[in-house]
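Colleague: Sequence:
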Amino acid sequence: MKPFKLGVVLLMLLNLTGCWSKIELDQLTFIFGMYIDAGKEPGTVEVSINAPLPNRLMSSTPAGNPQGKSYSLVTKTASTITDAIILIQKDLSRRLDISHIKVIVIGKEYAARGIYELLEWSKRQPELPIGTYVMAAPGKAKEIAGLSAIFEQLPDQVLRNFSELNLTYATTIRNCLQAEANNMGYAMNYLSFGENPDEMEQGKPVQWAGVQGVMLFNKMKMKDTFGGADSRALSWAAGDLSGHLALPMYTVKWKEDSKGKASALFYSNSVSHSVKMTGEGPVFFIKLKGKASITLFRDNGAVNAIDHSGTIKRNLEERVTADVSRAIRKTQEAGADVLQLGMLLEWNYPKEWRKLKEKWDDYYAKEAEIRVTADFSIDDFGASK
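Residue numbers (our numbering): 3 to 387.
Derived from the structure by calculation, the hints contain no laboratory data.
In this text, a Cβ means the ideal position worked out from N, Cα and C, and glycines have one as well.
Be aware that one or more of the hints could be misleading.
As the list claims (entries may be wrong) - Below, a list of computed lysine-lysine pairs in the DSS-like style, where the Cα atoms sit at most 25 Å apart:
(1) K357 to K278
(2) K332 to K291
(3) K315 to K289
(4) K278 to K368
(5) K361 to K315
(6) K332 to K110
(7) K289 to K223
(8) K223 to K42
(9) K278 to K261
(10) K125 to K110
(11) K291 to K263
(12) K368 to K221
(13) K263 to K332
(14) K293 to K263
(15) K225 to K92
(16) K223 to K78
(17) K144 to K261
(18) K223 to K261
(19) K225 to K315
(20) K263 to K225
Unchecked claim - Have a look at the derived ranges for each label pair, beta carbon to beta carbon:
(21) K125 to K361: 24 to 30 Å
(22) G312 to E371: 28 to 34 Å
(23) G196 to T253: 24 to 30 Å
All chains, please: the whole structure from these sequences, using the hints.
Modeller: What follows is the structure, encoded as structure tokens:
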């Protein structure tokens with residue numbers, strides 16, 4: 003055999019060698035959910051991890067089966083997130099792996115203190131997916147891990163679906179890091195949690211979680227929380243209200259006795275942002291667009307909504323414009339530029355941005371002029387068409 007051919011054969015044989023540093027799957031514990039809370043002692047953090055139990059996790063077995071839950075929750079408190087994870091590892095018979103983490107939930111007290119350490123820890127974990135969803139709890143984050151996964155096998159799957167369905171916001175670790183790098187604000191889903199007496203599991207009311215609004219952040223600290231109406235309006239203004247289960251519904255009235263009203267379901271919505279420099283400074287424009295279908299119409303017994311299309315369209319535009327304007331004013335009061343209009347100014351007018359950069363938070367809160375307009379169309383009038 004010629005030397006060249008012999009060399010090729012030897013190189014191919016080298017590829018058949020085994021892995022010297024392999025780790026079998028049955029030696030790993032995959033973290034699917036992480037819950038971060040402020041510790042009881044000042045300067046401490048409480049970290050909880052949610053991981054599936056392979057010996058109980060069966061596709062045909064519900065989460066609340068007689069054998070017990072199909073997942074575990076381990077909690078430790080330490081001075082740093084890293085130290086807490088090390089303490090958790092000491093109590094486990096398998097090696098922790100965070101490469102499959104789906105969601106991180108932060109407690110309200112921890113959010114108020116600041117999430118600096120969490121973001122710094124995230125940047126220094128190459129195995130942590132920066133697409134991991136992050137959301138906030140109304141109390142302790144650890145409590146959210148106790149929700150009853152009625153439709154899923156694991157609690158983190160329920161939480162992940164809240165973001166993937168784009169009910170309001172779908173904030174990830176990447177979004178938070180990018181916003182902080184540009185000194186901008188950001189928002190994330192603000193969960194609700196409590197017992198649902200209408201659903202029972204093993205004779206007890208289930209623990210039910212949902213999305214009640216959004217939590218606003220600036221400079222890594224919680225600034226405010228919004229409820230359903232304001233969070234929906236803010237989500238539309240940010241361009242995040244796009245999920246097929248997040249279709250906005252609005253009801254407008256044009257008579258005081260409520261006999262003239264219509265409900266419209268927006269099956270398409272979008273937004274565009276722009277900025278124009280004036281003698282008084284930058285003016286920001288937010289233009290909302292949408293296509294709606296009329297699902298309810300009433301006007302003193304009349305059934306023809308087409309004849310009232312102009313009135314309905316005008317009322318819808320006024321209503322949505324007012325809602326979005328109100329939500330934006332609240333972000334200004336909170337001092338959190340969650341729409342990141344500062345970045346828009348930097349891209350279009352870099353010289354002006356350099357003048358305002360150092361005082362942007364104060365300028366946004368007190369001086370920024372933001373104009374909201376809407377342009378809607380009604381494409382379906384239902385049975386009256």
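Colleague: Would you mind marking each hint as holding or not holding in the structure?
Modeller: Verification of the supplied hints:
At most 25 Å may separate the alpha-carbon atoms for a hinted pair to count; K357 and K278 meet this at roughly 16 Å. The hinted pair formed by K332 and K291 meets the criterion: a straight-line CA distance of about 22 Å does not exceed 25 Å. The straight-line distance between the Cα atoms of K315 and K289 is roughly 15 Å, inside the 25 Å bound, and the hint therefore holds. Between K278 and K368, the direct Cα distance comes to roughly 18 Å. Compliance with the 25 Å bound is thereby established for this hinted pair.
This hinted pair does not check out: K361 and K315 have alpha carbons roughly 40 Å apart, beyond 25 Å. Among the hinted pairs, K332 with K110 is consistent with the structure: their alpha-carbon atoms are about 19 Å apart, no more than 25 Å. Between K289 and K223 the alpha-carbon distance is near 29 Å, which puts this suggested pair outside the 25 Å criterion. Of the supplied pair hints, the one linking K223 and K42 holds, its CA atoms being roughly 19 Å apart against a limit of 25 Å.
Distance check on the hinted pair: K278 and K261 sit about 42 Å apart at the alpha-carbon level, beyond 25 Å; violated. The straight-line distance between the Cα atoms of K125 and K110 is roughly 22 Å, inside the 25 Å bound, and the hint therefore holds. The suggested pairing of K291 with K263 holds, with an alpha-carbon distance near 21 Å, which does not exceed 25 Å. This hinted pair checks out: K368 and K221 have alpha carbons roughly 18 Å apart, not beyond 25 Å.
With a CA separation close to 28 Å, the supplied pair K263 and K332 exceeds the 25 Å bound. With a C-alpha separation of about 18 Å, the suggested pair K293 and K263 falls inside the 25 Å cut-off, and the hint holds. Between K225 and K92 the CA atoms are separated by roughly 36 Å; this puts the pair beyond 25 Å, and the hint is violated. Annotation: proposed proximity of K223 to K78 holds, straight-line Cα distance about 23 Å (limit 25 Å).
Note on K144 and K261: the hinted pairing is violated, with a Cα-Cα distance of about 48 Å set against a maximum of 25 Å. Of the supplied pair hints, the one linking K223 and K261 is violated, its CA atoms being roughly 46 Å apart against a limit of 25 Å. Between the alpha carbons of K225 and K315 the distance comes to roughly 35 Å, so the proposed pair goes past 25 Å and is violated. For the suggested pair K263 and K225, the alpha carbons sit about 37 Å apart, so the restraint of at most 25 Å is broken.
Judged by the Cβ atoms, the range 24 to 30 Å given for K125 and K361 holds: they are separated by roughly 27 Å. Look at G312 against E371: about 30 Å separates their beta carbons, and that is inside 28 to 34 Å. Between G196 and T253 the C-beta distance comes to about 27 Å, which sits within the given range of 24 to 30 Å.
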